[in-house]
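Trainee: What follows is each chain in one-letter form.
2 protein chains.
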Amino acid sequence: MPSPYESLLAEIREIGQLESVESLLDWDLETHMPPNGLKARAEQLSVMARLAHDRKTSPQLGELLSKLNGDSSDPAEATNIRETRRIYDRAVKVPVELVGRIASVSAIAKGAWGKARQDSAFDAFAPHLSELLELKREVADRVGHDGDRYDALLSEFEPGATTDEVAGVFGALRGPLSEFVRQLTESSTKPDPSVLARRFPQAAQEQLARILAAAIGFDFKSGRLDVSTHPFCSGSTPHDVRLTTRYDERFFSAAIFGTLHEAGHGVYEQGLDANHMFTPMGSAVSLGIHESQSRMWENMIGRSRAFWEHFYPQCQAAFRESLTDVSLDGFVAAINTVQPSLIRVEADEVTYNLHIILRFELERDMIAERLSVTDIPEMWNTKIKELLGITPNNDAEGCLQDIHWSMGTFGYFPTYALGNLYAAQFLAAARRAVPDLTERIARGDLTSLLDWLRTNIYRHGQRYRANELVEVVTGQPLSIEPFMSYLRERFSPFYGL
Amino acid sequence: MPSPYESLLAEIREIGQLESVESLLDWDLETHMPPNGLKARAEQLSVMARLAHDRKTSPQLGELLSKLNGDSSDPAEATNIRETRRIYDRAVKVPVELVGRIASVSAIAKGAWGKARQDSAFDAFAPHLSELLELKREVADRVGHDGDRYDALLSEFEPGATTDEVAGVFGALRGPLSEFVRQLTESSTKPDPSVLARRFPQAAQEQLARILAAAIGFDFKSGRLDVSTHPFCSGSTPHDVRLTTRYDERFFSAAIFGTLHEAGHGVYEQGLDANHMFTPMGSAVSLGIHESQSRMWENMIGRSRAFWEHFYPQCQAAFRESLTDVSLDGFVAAINTVQPSLIRVEADEVTYNLHIILRFELERDMIAERLSVTDIPEMWNTKIKELLGITPNNDAEGCLQDIHWSMGTFGYFPTYALGNLYAAQFLAAARRAVPDLTERIARGDLTSLLDWLRTNIYRHGQRYRANELVEVVTGQPLSIEPFMSYLRERFSPFYGL
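Going down the list, the protein sequences come from chains A and B. Just so we're aligned, residue 0 is where the first sequence starts under numbering that gives the first Met the number 0, counting upward by one. Just so we're aligned, residue 0 is where the second sequence starts under numbering that gives the first Met the number 0, counting upward by one.
Honestly, the hints are just simulated from the structure, not real lab data. Among these hints, one or two may not hold up.
A pair holds if it fits inside one copy or across any two, identical chains being indistinguishable in the list.
BS3-like cross-link-like pairs, simulated, lysine-lysine; straight-line CA separation at most 27 Å [as the list claims (entries may be wrong)]:
1. K114 - K38
2. K220 - K189
3. K109 - K220
4. K382 - K55
5. K38 - K55
6. K220 - K38
7. K189 - K66
8. K189 - K384
9. K55 - K220
10. K38 - K189
No experiment lies behind these values; they were computed from the predicted model shown.
Working from the sequences, and respecting the hints, build out all of it.
Mentor: Here it is in structure tokens:
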């Protein structure tokens, strides 16, 4: 007779297995599925999603959870019970009809958004957005919150995070960061990124991307690298993590830094504890913590001078035609160019955060009914001028640029900037623990950092929630200081500040 | 309120969807999965298999089937009810414990077989084989049969086929076929296959394989071609059919005829009616009928002179280095070489059938307890001498060569030779319907044959069982005559007979 916890474990492992199958179906859809396979794939995905949902909301799971009401002294048990309860509570509170209604409204909204963006006509999208906001407010009310509906949406992606906390750090960040961007923008000294637009043959890009991914610790015996239109990392288990990238022969950064970004997600997934496979204890904490790893490896490490001290000779050899006349310093400056721009997905790592703060402030106020949908274009343009000093020519390059709101996705954007803040604070802690980290990286030793991350972050799975993890690992609550220090230290020299 | 048939349809569609997901997991395992992913994949496959099995044996399905006891006048409905009943009956009659017991016994037996084959020591495998035979007899008794247990095993792969019928056609075939092989073997005129062992660069092989697969009608918008150790065709829906092949630069035939073989399976899958996707009416009839298509396209069409009249110039251009001095006639003779050999998987299309007859006779008698396990090596050697005129040096190249019996797979081998018989009889009918078929093929028109097959076979799904389909399509019950005529016509010229 299995104990209630053993029964719970069997249930959640099966949910995890079903979701991992769903994730493989998605990966295949993006990478290998023949074009005509879409209709059947949609049916397969839908049946898998339904099976997982049925299990997440089963009375059996509810009964097991109510039997497991006491605290467990075992951290893995406690984690699995706590997070399963969170998933169950959320799933039973949102009726399947409401989920279905959001899916069908957003399917139409996505179409309307595409058309509206094409025509740069926000008005055509506005009623769909209003409808989705109404539905997501209903979700928030059903999930429950302490007054701030946005909390309930945020915690889908960043469990435990609150609107107030996010508003606190973003509020602290927006002024100093805008000011720093202004200084960079106004400086007469600037890196020249034009060398990155020379010719970089795809085969050499792929080879270098694989070398760099392996160098930061991505294990190709437990993972793959493929091509897809929108790069992603799909990790079903620590032993099977799939990265994708895309190649642009006229742009060095897309595949190289794209792969480092996804490989950053990948080493996190591969560093999870396989003994807890398919359970919360063997899963990543949150989107924000995940993003902290992709951004740390891509930007903080992958664009550092130390990193390229070791790898630039190989890189130059791979792209003789385009990089022979480019010095290490010139190359490192080029890959650290900051330039305010209108489109989020093309933004550099500094200005990117201001794009996120803008979206957070708008969607928080929309959900709270403090901002009316009709006022969005004007508010968008006001804020982007204030934060980045630029003005969109039209809504297509302004408030209509992202697909997310048309999918009813609110509470997701903040995780990107949170990721940068987490990353800087983690990295500062790693530097305290490994004082000669920069020298090690310059020698091509990336294992020291990886080991520290594995020990302090990856292997814990969901034992700690994001904010708690930050405190456990760094000894401090989340703050903007490590990130601002990192930015100043990294970018000031390139801009003569 | 859905009708009982609509409810049944929803159930069987979901079973089909789950099985199609399982098939994608298998495809990925064989083609793209990173090596360390195996353990988690086994868990995913096991949960998917269990979910499908639960549905196939659910009381709900049983109730629906009992409500649908009358005949339906709609052929699709009648087919789906009949075949779902067959699947349900079989699944509920074999307890899940027995299935599990066979899986665990065969896991050990497979290991023992591998070792026994290595040591060429049948005795070490014999007790495992005895145990599996006992378990499969129990399966047969539980499934039910009219006296011949082998019927129940055979019908897992060839629904409705009986031991007597198979024994009838194989009994008729063994004498004339052995005699024909003897004539070929003793002839002083023989094709020279040595040109096929020249150098054939992999990239050119892949290009030609794709051209030929597309030429016989395989639609790459609804399918793929990848590489795997053991080639297969995995068809989850008509819109997503995945072939694999393997390349050997020192052997022309492996990838080229291997791909034609799998593409033959593939055009069958792609020709099924997508309106009946995930149901028996949209599924292939049986392994035998499936094999009739792979073997027709690979051998009867793919090794014909007419086919290469059109494609040999392209083939020669692709392999200039190796085929410039080889005439069309020399090439066609080379790919139609017949040579008795000990190993089934290396056998040509003529002698292959004798390997199958041998296995059928042995496994039928083992299941019927007319042949004791200890007598197998001797009986094997006696029969292969009788059928092919050759004698194995040891059991490894005799009765231990195949993995199948160690997996408890009995009743499967016959489908290969049945496939050849079906194929010849179908092709003879197609030739009556399209009298200038050979000329059309020589002009590169393979659509005429494909259209005929789609209309007469593929689109019917499981409307007819194999034997019935043969009669409906060809007007005659299955007989050996079309196959023997085909063989004589095809091979006699190359051997001066």
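Trainee: Now, for every hint given, state plainly whether the structure supports it.
Mentor: Hints, one by one, checked against the model:
1. K114 - K38: within (23 Å within a copy, 46 Å between copies)
2. K220 - K189: Answer is neither: 42 Å inside a copy and 48 Å across each miss the 27 Å cutoff.
3. K109 - K220: between (38 Å within a copy, 26 Å between copies)
4. K382 - K55: neither (41 Å within a copy, 58 Å between copies)
5. K38 - K55: Classified as both: same-chain Cα gap 26 Å, cross-chain 24 Å, threshold 27 Å.
6. K220 - K38: between (32 Å within a copy, 13 Å between copies)
7. K189 - K66: This pair counts as neither: shortest intra-copy Cα distance 63 Å, inter-copy 79 Å.
8. K189 - K384: within (22 Å within a copy, 85 Å between copies)
9. K55 - K220: neither (32 Å within a copy, 36 Å between copies)
10. K38 - K189: neither (50 Å within a copy, 52 Å between copies)
Hints 2, 4, 7, 9, 10 from the list above are not met by this structure, while the remaining hints are.
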